[in-house]
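Here the structure of chain A is known, so what remains is to put chain B in place on it, guided by the hints.
Residue numbers (my numbering), protein chains in the order written: chain A, 1 to 585; chain B, 1001 to 1585.
Calculated directly from the structure, the hints in this document are not laboratory data.
A virtual CB, placed ideally from N, CA and C, is assigned to each residue, including glycine.
Hints are supplied without guarantee of correctness; some may be wrong.
What the hints assert, rightly or not - Across the chosen pairs, the derived CB separations fall in these ranges:
(1) A:Ile467 x B:Leu1014: 19 to 25 Å
(2) A:Phe347 x B:Arg1470: 20 to 26 Å
(3) B:Ser1066 x A:Glu11: 41 to 47 Å
(4) B:Cys1189 x A:Leu215: 33 to 39 Å
(5) B:Phe1084 x A:Tyr29: 53 to 59 Å
(6) A:Arg88 x B:Phe1084: 39 to 45 Å
To be verified - Only some residues are given here: those of chain A computed to face chain B with a beta carbon under 7 Å:
(7) Gln7
(8) Pro9
(9) Ile12
(10) Ser20
(11) Asp233
(12) Ile234
(13) Met293
(14) Arg488
There are 2 protein chains.
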Amino acid sequence: LDYQHVQVPFEITLWIMLASLAKIGFHLYNKLPSVVPESCLLIFVGLIMGGIIYGLNDKSPPVMDSDIFFLYLLPPIVLDAGYFMPSRPFFENIGTILLYAVVGTIWNVFGIGFSLYGICQVKAFRLQDVSLLHNLLFGSLIAAVDPVAVLAVFEEIHVNEKLHILVFGESLLNDAVTVVLYKLFRSFCEMPTIKSVDVFAGVGKFFVVGLGGVLVGLSFGMTAAFTTRFTKDIRVIEPLFVFLYSYLSYLTAEMFHLSGIMAIIACAMGMKRYVEANISLKSHTTVKYFMKMWSSVSDTLIFIFLGVSTIGENHEWNWPYICFTVIFCLVWRALGVLVLTFFVNRFHVNTITSKDQFIIAYGGLRGAICFSLVFLLPDFHRKKLFIAATTVVILFTVFVQGMTIRPLVDLLAVKRKRESAPTVGEQIHIRFLDHLLAGIEDISGHWGQYYWKDKLEYFNSKYLQKILLREYDQPKSSIVLLYEKLERKHAIELAEAGQLGHTLPHPSFLCSGFLCSNSDRTVVTDQKLEDTLNLDVLENIQEILARNLYRIRRMGPAYNRHTLPGETEPGEHAKEILILRHRSL
Amino acid sequence: LDYQHVQVPFEITLWIMLASLAKIGFHLYNKLPSVVPESCLLIFVGLIMGGIIYGLNDKSPPVMDSDIFFLYLLPPIVLDAGYFMPSRPFFENIGTILLYAVVGTIWNVFGIGFSLYGICQVKAFRLQDVSLLHNLLFGSLIAAVDPVAVLAVFEEIHVNEKLHILVFGESLLNDAVTVVLYKLFRSFCEMPTIKSVDVFAGVGKFFVVGLGGVLVGLSFGMTAAFTTRFTKDIRVIEPLFVFLYSYLSYLTAEMFHLSGIMAIIACAMGMKRYVEANISLKSHTTVKYFMKMWSSVSDTLIFIFLGVSTIGENHEWNWPYICFTVIFCLVWRALGVLVLTFFVNRFHVNTITSKDQFIIAYGGLRGAICFSLVFLLPDFHRKKLFIAATTVVILFTVFVQGMTIRPLVDLLAVKRKRESAPTVGEQIHIRFLDHLLAGIEDISGHWGQYYWKDKLEYFNSKYLQKILLREYDQPKSSIVLLYEKLERKHAIELAEAGQLGHTLPHPSFLCSGFLCSNSDRTVVTDQKLEDTLNLDVLENIQEILARNLYRIRRMGPAYNRHTLPGETEPGEHAKEILILRHRSL
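One chain only, chain A, in its complex shape (with noise of 0.2 Å):
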């Protein structure tokens, strides 16, 4: 027996097949997971095998390292949220979604962080000697929501498009504050002394973090996408380009000190259109499969890391201090839930209502980005009772709140998400008020949302698209493909259910067919010159929804007032706007 040899690869691939298989276990029984949610569980499977190895072993089971899991474990999950992203509903509320990432993680912090120092004045609870300082780093690590958990309960509970990007965006884009309070506080603590230049070049670093992470998370993006143009020969290897180049662009940015989260979701939407018109179907649906299944094991395996490293002799059980700090996480966030959205509701038309102001600050789930931060903190006295305080928090917010937030949602009847994908008469119409709006922000000289996304577009097809696509000269619209992609699956439906038989002219054929897979040809030939006219008719159609609906903008441009149709150009378009900016100043 040579265990040594083979034991790192072994032990990985037991890890990861016991998370497999609890994942199966829980689906055996239909109701368990409509009742409790699978992080829960995963805990509490987690918590058990730790109690059995603290049980053997009787010291302190290992715990989750920091490094495995912010260099191998959250980048799957955090890609898959990237690549999967509705685009859409983002860029819609992104506004919205970077004040409650920005100005209420911060607010967080400083909240929980001054509180708690407030506590630390109360003679009885003996805990005087953890100065501001320590408050605040600890506050900076406590106080951000946590993607991994959020995504594991909301996906589970099906609330309303909005409710969830705002929940979600907001948890995947704190990431840049968070790093950088946690390394301003943290460096912070080991300086002797405090400047005012210190502080301002803390402030000034959130830009560099935040913007650096989504540059470079764009720069890789957009090499996947221009490499995928040259994968035509070995399609095989495509799915690969994929992962590589996300992986790479969060390793750089986290090289560099900036937010890795930040950078492979740019990298990840930002390649995923330009990559999938590349990339075959196969490849398409392996990498969809395949960032599933990846996010779908490093997500299980932290929620069982979790609970194994609960066990254990790692803690100081302060409860004053505990206690004090799951009520400040709950009060700050609702507290800060309700400013924000009171600004945010000033200035939108669709405004977020309070049972989803509510489900906002009660999805405030914390998870294993704090538990392995608080891990990462220097070595001082008060570690433990910070480690103690923040597996606290987390199972309190994990099972308390991920538990009781279903019924909640049913009990207060907050808006559902939509079961049935849109359908394509929706897309058209959706995509015709865009132009719309897009034409009226332009003609009311008014630089919006659409004005902008429409910018973006003609930039992409001008020349992105020439640059990026194997062949850019025939970019479908996405209705195209919708319809192809309906097409398809409605001939699978038939094939699957016999109904493709009476495309052969009759029984006798069937025969030669089944010795013969040739002829099936000779029919497709036969059926052609019988279907031209309804061929025509469909070929028609999507030749006018490639190409009008798309560039509309560009190619009859009806409402503008000052030029002919075929005149404009990109350049005299920009002087216009302008001259109508002028105008309506």
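This is chain B only, laid out in the frame that chain A set:
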């Protein structure tokens, strides 16, 4: 900048990226891959990179770590080979393959070992300090044909199926022999005296290592099939089990010093059939795609590393020894093939032609396995000589033999692989002949290949399928599956050509179809009423195929002279055969 932190994953990702980009690069020029095999080009890239590293650092570039090779790079390739192994030709030629793999490899090891020892006795070469045992140890690592190298070259030259499976099967199954002989001679080298008991123990180990590996693999394969019975509700982690279980089988076998290659091949071949029936179509696409992708990347990395590791100061250039190694490798393999084939041809109707024999002998490429084994040798003063000889043999076989084998195949007009897949008609005929032969064997009392195949099929449908398959009440014949696949493909082709339009009654319907995808449903039901006849005919045919072809032996044993239809039961069957056997003796 914090490079230390992300170094490990960053460098791994970069190496994989380099490998993938190199692959894309070669395929951009269509002419290059048709002249030079990819493996040569990759080694060349490796040589250049090694040269650059050597030039910059002024020290030998890092050598491919044997652990990394055996634990991470080899398994994906072997898994891919086992999973996509054409099982029919493999089992039809299993005897010949085993003869080549076991007897042939032993022949080569002792041939090369003893004749090199002879060379060492020539005083002019100054090699008298290399003992017989060291020469035999060297022989044991250099004798084995390498599956990775064989696969890389033979995939491109498309020789006929039998020839391909003979060379490729041998390269896979000789692993057990290589492992045993290598470990045996290595331990002999370290022993003071060798008793005859040790030699007999070595012979016994052959069977333990080989059969043990197969058993480990089969048990993991069956567990994998059993696990996928329960994944119906979480399709997304299905592909994972295929990879996890096969990797575990490899690691477990390695842990117990069994043949990991045999284990992973047995696991993949054993589970394939059941896993494919249990998992969804999309999961299956993902499994196939990812396996191909992974093995192709591993393969690329191996050849690049081979090139990189060649550069440096690890070599002792004693040219007589090196040249004679190359010559003996060629000569002993050619002799071995000639002698073994002579015996094989005496017992087979379908003989191996002399052209095929030449290609078998010439296709004995060496590769990364030898290379990793030679670095695993314990340190002794002539290790560098062995490294140099191994490197030259690998480069000679991959470059000279690998590049000339394609022109030779053209020149000799070796029978090629048929391009098209077998049609449904051919499959029916093959199946029919199998049943006929099984019947003939049964009557004549000869326990041949078809008899055992039939027994295995019976055992499978009676017990294994019921345990391992989810819907065991409906085991579909492979012909029905093929028919369904053709139907589906046909449907997609129709949809993509816009031919499905004729299911929509008239053009006015198209608009409503656009606006609501649900109306497609109503069309299907409409069609159903119209095509009931066709549907019935189709279902009948499927039913007839599924019921009658598969278990014809037990349903109506008309070819059995001693029982009335419907009388036979498994127990009686066995008795009958015994009686028949008795009589024929």
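Query raised in the report: Which of the listed hints are broken here?
Result: Checked against the structure, the hints that fail are numbers 2, 3, 4, 5, 7 and 9, while the rest are satisfied.
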